[in-house]
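The lines below spell out each chain.
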Amino acid sequence: MSAASLTLATLAKDLRLEWRSKDAINAMLFFALLVVVIFSFSFDPTAEESRHIAGGLVWVAFLFAAVVALNQTWARELRNQVLDAYRVSPAPANALFLAKVLGNFVFVSVLEALMTPLFVVFYNLRALGPAYQLPIVAALGTWALVVNGTFFAAMSLRTRSREIMLPLLLFPISIPALVAMVEATNSILTGEYSARFWVVLLAAYDVLFTMASLFLFETVLHAE
Amino acid sequence: MKRAFPVLAIVTAVLLSWGLYQALVVAPTEQTMGDVQRIFYYHVPSAWTAFVLFFVNLIASIIYLASRNAKADALAVAAAEVGVVFCTVVLVTGPIWARPVWGIWWTWDLRLTLTLVLWLIYVSYLMLRRFSTSGQTPLIAAVLAVFGALDVPLVYFSIWFFRTQHPQPVIGGGGSIDPRMLHALLINWLAFSCFATLVCWSRYRLEILRREIDETQALEALLEGGVSGGRR
Amino acid sequence: MNAYLYSAYAATWIIHIFYLGVLARRYARLRKEIEELKRK
Chain A
1 MSAASLTLAT
11 LAKDLRLEWR
21 SKDAINAMLF
31 FALLVVVIFS
41 FSFDPTAEES
51 RHIAGGLVWV
61 AFLFAAVVAL
71 NQTWARELRN
81 QVLDAYRVSP
91 APANALFLAK
101 VLGNFVFVSV
111 LEALMTPLFV
121 VFYNLRALGP
131 AYQLPIVAAL
141 GTWALVVNGT
151 FFAAMSLRTR
161 SREIMLPLLL
171 FPISIPALVA
181 MVEATNSILT
191 GEYSARFWVV
201 LLAAYDVLFT
211 MASLFLFETV
221 LHAE
Chain B
1 MKRAFPVLAI
11 VTAVLLSWGL
21 YQALVVAPTE
31 QTMGDVQRIF
41 YYHVPSAWTA
51 FVLFFVNLIA
61 SIIYLASRNA
71 KADALAVAAA
81 EVGVVFCTVV
91 LVTGPIWARP
101 VWGIWWTWDL
111 RLTLTLVLWL
121 IYVSYLMLRR
131 FSTSGQTPLI
141 AAVLAVFGAL
151 DVPLVYFSIW
161 FFRTQHPQPV
171 IGGGGSIDPR
181 MLHALLINWL
191 AFSCFATLVC
201 WSRYRLEILR
211 REIDETQALE
221 ALLEGGVSGG
231 RR
Chain C
1 MNAYLYSAYA
11 ATWIIHIFYL
21 GVLARRYARL
31 RKEIEELKRK
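Residue numbers (the working numbering), protein chains in the order written: chain A, 1 to 224; chain B, 1 to 232; chain C, 1 to 40.
Don't take every hint at face value.
Stated by the list, open to error - Listed next, the in silico BS3-like pairs over lysine-lysine satisfying Cα-Cα at most 27 Å (straight line):
1. K32/C / K2/B
2. K2/B / K38/C
3. K38/C / K71/B
4. K71/B / K32/C
5. K2/B / K71/B
Stated by the list, open to error - Which residues of chain B face chain C? A few of them, derived with a C-beta cut under 8 Å, are:
6. V85
7. T88
8. P100
9. R203
10. L209
11. R211
12. I213
13. E220
14. L222
15. L223
Stated by the list, open to error - Computed far set for chain B versus chain C, every beta-carbon distance over 12 Å:
16. A72
17. G94
18. L150
Think of the hints as simulated: they come from the structure by calculation, not from any bench.
Keep in mind it's a predicted model, so treat the numbers as computed, not measured.
Where a beta carbon is used, it is the ideal one built from N, C-alpha and C, also for glycine.
Kindly produce the complete structure, drawing on both the sequences and the hints.
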């Protein structure tokens, strides 16, 4: 089985399992909704002000929702000793990693798609800049969170307080990506600046850390 | 090798004292900021030392990844811990300097923010080492160190551009520097570098000792278990 | 004005001495373990 078909097969399996049980997605959805509502109570600006801070609010909410998704990434594999099987088999571990990242990307993107209308409603948002750039920023930003998140979730498998370890490791390293996501979103919503620098930075971040993760995943897998 | 430590300790003490004298007495008083500016002679060398220590951690981590040399890993831990200590000094002296001069405790300027993010990354590295229950903690930590190092240029650029778009006061200022001030700065940097070497070396020896004892204790437990098992 | 200067220098040394204290305590604990191992 080639690496690509292994990746796709694993991804399809994960998505199918998730669709049937809807375990994680229900919890994530409700959590995301709660976050949006709590933020609305905590920050209640007028429409003009909200455009300047909406980027930050939205991405912090997405970040928390993503952490919920990421924490359960390897849970099924741990339960069923799948990781041990990968360690002894000749199958490329990267195929498994990529499948996990893609799966998380799908989950978090679905979450974002569902949360965005809520934010638009609660904050009366309207993009003054080029709105078509928003999905690009969202995709690049989500990939940045998900690729490192999946990798760090694997690194945290053998740690005490695994669920808190993941955000502790993920947040500092994600800071440049977060700044880029927030600034890009703000500049598109306010229309005051071009988001180009931030989009390029996000793309560079994604490329760099995807390569680093693919290069070092096998090492981490065998270290567990 | 053993003799070098006390010699270096004496040299460090001398340099630190001389540096203090230079910073507080010899260096001229700054025109706009006054005597408070002398914090500069401790703030900046601490930052440079912290960055060097983090770089040592990176090199040691890469060596460990390539060769699984346990001594490289011990050096990585030592460098990271001492680096965090120096980084803390930077983050504490920065606001103390900023408050009387600019009226604000903190500003998200490039240097301070970069230092804060570095501090966060390396504290997370130390937390991973402390919380990990895997037998291969050094390996996972080394991978994290590489990720952290890869992140640094990205952090720099993101904050730099952010500041270009949203300008604010810069702590520490720029521009030309009086040669006597440069002199005091460099002496303090040398002094703190020697001090950092001493502390890092101590931490390294502590780590090596800790591991030797752990191995001995494990061996003891093994032998004892074998003896009592045999008797049955 | 000078209060800030001295507190910055003091803070620096307090932080360093604190860490050296942490190291000293760990050394003491290790030395105790070595004694116990030697006795066995």
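Next on the checklist: I'd like to know which numbered hints this structure contradicts. Please list them from smallest to largest.
Outcome noted: Numbers 11, 14, 15 and 17 - these are the hints that the structure violates, sorted from lowest upward.
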